[in-house]
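Residue numbers for the sequence shown follow this note's numbering, beginning at 6 and rising by one.
Quick caveat, the hints were computed from the structure, so don't treat them as lab data.
Backbone N, C-alpha and C define an ideal beta-carbon position, used for all residues, glycine too.
Take the hints with a grain of salt, since some may be wrong.
[Said to hold, decoys possible] DSSO-like mimics (lysine-lysine), calculated; alpha carbons at most 27 Å apart, straight line:
(1) Lys361 to Lys16
(2) Lys16 to Lys89
(3) Lys232 to Lys378
(4) Lys232 to Lys361
(5) Lys16 to Lys303
(6) Lys113 to Lys89
(7) Lys303 to Lys361
(8) Lys85 to Lys378
(9) Lys113 to Lys16
(10) Lys89 to Lys303
(11) Lys7 to Lys361
(12) Lys232 to Lys303
(13) Lys378 to Lys89
[To be verified] Ranges between beta-carbon positions, derived for each pair:
(14) Tyr136 to Trp77: 16 to 24 Å
(15) Ser70 to Phe151: 19 to 27 Å
(16) Ser231 to His15: 39 to 47 Å
(17) Ile219 to Thr335: 27 to 35 Å
(18) Leu161 to Ser193: 42 to 50 Å
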Amino acid sequence: MKMPFYQLQHKQDLIRHFTPNWFTVVMGTGVVALILPQLPFASQLMWSLGAGLWQINVGLFILFSVLYLCRWVLYPQEAKLIFKHPVMSLFLGAIPMALATLINGALKFGPTLYALEHLTTLLLWAEYLWYVDVLLAVAIAWCVPFMMFSRQQHALQGMTAVWLLPIVACEVAASSGALLLAHLPADSHAANILLGSYVLWGISVLPAFGILTILLLRLALHQLPSKDMAISSWLALGPIGTGALALLLLGEQAPRILTAVNLESLGPILQQGGILAALILLGFGLWWLGIAILTTLKHLGDLPFNLGWWAMTFPLGVFSLAVMSLAEQTQLHSIALCGSSLAILLCALWLMVISKTIQGFYRGTLFFSPCLKTYITVKTTT
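Let the hints inform the model, and build the full structure from the sequences given.
Here it is as structure tokens:
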């Protein structure tokens, strides 16, 4: 049996070539953990599988954070090159989104997994981590697009849905804020989180729709992306699914929370308006889902595996969660059936992608930093 990382030229390349797109593994795995207990045939076993997957995901996030931090400590000049790379810098948005899946998992599984005396501490940590997640998401939503505008070279023909990654993190944080509110008392503090989450939604969803408009133009003028980036088509589901999910979850909490600040009349409007808006958004998402499936089928059999395949998991996962949440709030069986079908598809795709990722991780073939390619070439020639 060959040793781990046997295809790496140097063992230190594990750190030197570690990039933030590894955090998409945490994103995809985290959303699967959240969905497993909500499957129509879910049992105690499915809940336990979801909880176990969430705990493994916490370990993965810590491991990836340590590896990426080590890269900045040991190779700071090389790590800084990410800010000039037109694609890899966009994956910085995966870090707060990965953290959000851990917070959501803590809120879902923590109260049952841990003793009652630790519940207050757990919720306190979840709230603190949510604030950290919000700060990261907002900083990345500002800074990465600014670097695109000021330090990087982009062309319409080379555009893909990856442009969405630094933007979507804010609406993911908004969804997490809604889940956090379910564990908080109705007071002014909770009202601040609720209204702040709607602001986060606006920071994210509206620019994301601008990007989707440009992406539609790019596809019409320059056709589909190359086979290496074909899977990125699934990312268009991300802002749509998360946007709908956030409106549903926030609207569910609004009537209870807003009574604390004398805005009780606004609560039902946000709840019912959220259901209507989510229904429309999910219809838009179904169109993009069809485009993503057709794009994937066109390149089927000729798709090289890379970490970009994780683009099929998290966006589809949040879209599935939004459909399932809509079904719960409307009590419509047809919507529930659609959500369950999407969730089963997600689990099948996750099993395929995680197996290929484990193989690539063991061999060392997935450790490659595109932003180092030119740097190493220049350094070697000089």
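Hints, one by one, checked against the model:
1. Lys361 to Lys16: 21 Å, holds
2. Lys16 to Lys89: The hint holds at about 26 Å.
3. Lys232 to Lys378: Since the Cα atoms of Lys232 and Lys378 sit roughly 20 Å apart, the hinted pair holds (cutoff 27 Å).
4. Lys232 to Lys361: 18 Å, holds
5. Lys16 to Lys303: 37 Å, violated
6. Lys113 to Lys89: Outside the cut-off at roughly 38 Å; violated.
7. Lys303 to Lys361: Holds - the C-alpha atoms of Lys361 and Lys303 are around 21 Å apart, at most 27 Å.
8. Lys85 to Lys378: 14 Å, holds
9. Lys113 to Lys16: Distance ~38 Å between Lys113 and Lys16 Cα, so the pair is violated.
10. Lys89 to Lys303: Outside the cut-off at roughly 32 Å; violated.
11. Lys7 to Lys361: Holds, at roughly 17 Å.
12. Lys232 to Lys303: Between Lys232 and Lys303 the Cα gap is close to 9 Å, so the pair holds against 27 Å.
13. Lys378 to Lys89: 13 Å, holds
14. Tyr136 to Trp77: 16 to 24 Å: Once the Cβ atoms are compared, 23 Å apart, the range 16 to 24 Å for Trp77 and Tyr136 holds.
15. Ser70 to Phe151: 19 to 27 Å: 24 Å, holds
16. Ser231 to His15: 39 to 47 Å: Cβ of Ser231 to Cβ of His15: about 30 Å, so the range 39 to 47 Å is violated.
17. Ile219 to Thr335: 27 to 35 Å: Since Ile219 and Thr335 have Cβ atoms about 33 Å apart, the given range 27 to 35 Å holds.
18. Leu161 to Ser193: 42 to 50 Å: 46 Å, holds
When each numbered hint is compared with the structure, violations occur for hints 5, 6, 9, 10, 16.
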